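With chain A's structure known, arrange chain B on it following the hints.
Protein chains in written order, with my numbering: chain A, 83 to 183; chain B, 152 to 314.
Bear in mind the hints are in silico, worked out from the structure with no lab data behind them.
One should not assume that every hint holds.
Claimed, not checked - Straight-line C-alpha distance at most 20 Å; calculated EDC-like pairs for lysine to aspartate or glutamate:
id: 1; chain 1: A; residue 1: K167; chain 2: A; residue 2: D177
id: 2; chain 1: A; residue 1: K167; chain 2: B; residue 2: D275
id: 3; chain 1: A; residue 1: K167; chain 2: B; residue 2: E226
Here the structure is a predicted model, which is why all the values come from computation and not from measurement.
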Amino acid sequence: MTPLQLSIAGVVLLLGVGLYGLLISRHLIKVVIALQIMVKAALLALVAAGDAVGQINLAQSIALTVIVVDTISAVLALALIVQIKRRTGTLDAADLAQLRH
Amino acid sequence: MSLHVLLLLLAGLCAGMAVRTRPLHAALWLAALSAVVSILFYRLGAPELAVVELSVGAGLITVLLAFAISMAEDEAMPAALVPRPFAWLLVVVAGGALLWLLLPALPAVRQVAADAPFVAQVWDNRQLDLVVQMVVVITGVMGVLSLLGETRAPESPAVEAHQ
Numbered sequence: 083m084t085p086l087q088l089s090i091a092g093v094v095l096l097l098g099v100g101l102y103g104l105l106i107s108r109h110l111i112k113v114v115i116a117l118q119i120m121v122k123a124a125l126l127a128l129v130a131a132g133d134a135v136g137q138i139n140l141a142q143s144i145a146l147t148v149i150v151v152d153t154i155s156a157v158l159a160l161a162l163i164v165q166i167k168r169r170t171g172t173l174d175a176a177d178l179a180q181l182r183h
Numbered sequence: 152m153s154l155h156v157l158l159l160l161l162a163g164l165c166a167g168m169a170v171r172t173r174p175l176h177a178a179l180w181l182a183a184l185s186a187v188v189s190i191l192f193y194r195l196g197a198p199e200l201a202v203v204e205l206s207v208g209a210g211l212i213t214v215l216l217a218f219a220i221s222m223a224e225d226e227a228m229p230a231a232l233v234p235r236p237f238a239w240l241l242v243v244v245a246g247g248a249l250l251w252l253l254l255p256a257l258p259a260v261r262q263v264a265a266d267a268p269f270v271a272q273v274w275d276n277r278q279l280d281l282v283v284q285m286v287v288v289i290t291g292v293m294g295v296l297s298l299l300g301e302t303r304a305p306e307s308p309a310v311e312a313h314q
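Just chain A, same shape as in the assembly (with noise of 0.2 Å):
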């Protein structure tokens, strides 16, 4: 197998695992984290692609913005997950499924 096949290969299990979490997970919080492995997997496809087609430097700038966005919105998800909890005193999202108004 190449390196890029390789690559790809990594990049298929780690979306197939965020994909289990974001599928199983009732916690906020792990919601999250699933989030963040698929992202992760995003941007290994991005480097191992700019890698294979000579424009690494490009990959890295656009992974970058990636990154960038990502944190913000992790950030985001983190700060409305705790003021879910304060409110609602749950993370559960079957829970919360449940509320109304």
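The following block gives chain B in isolation, referenced to the frame of chain A:
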């Protein structure tokens, strides 16, 4: 090559443990995953990105997760929302579809025109990205301040009567 395979398997192990364990342990496994992914970035020829990933992914995000977990406290959750066999089936179908789409196209990948230096890519070629990043960071900071600042307790009846 074998080290590359080992690192990919280690990344999969860290991700798996991050999904299986309790939130605080999961945050630590996520930090380990970030460190492994940073090494992979370095080996693929992206040292600048490896540094950013290590400092942001393994540092900042882990601290923020620990902060959120300490404020929100750990609570035990019962069964998963989606039955585990169904979740596995979805993962296998999605992964299989991704590989089916990607693998045939990989042998056709070829080197293209010469790449510009990283500094030129970031500061000259992708200026719009920089503007968007600044807007996102400022928006995020304002959002967090408004979210976490909204913790004032309702005014007591005595205060209302005084007014």
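Tested hints:
| no. | hint | in the structure |
| --- | --- | --- |
| 1 | A:K167 with A:D177 | holds, 12 Å |
| 2 | A:K167 with B:D275 | violated, 44 Å |
| 3 | A:K167 with B:E226 | holds, 11 Å |
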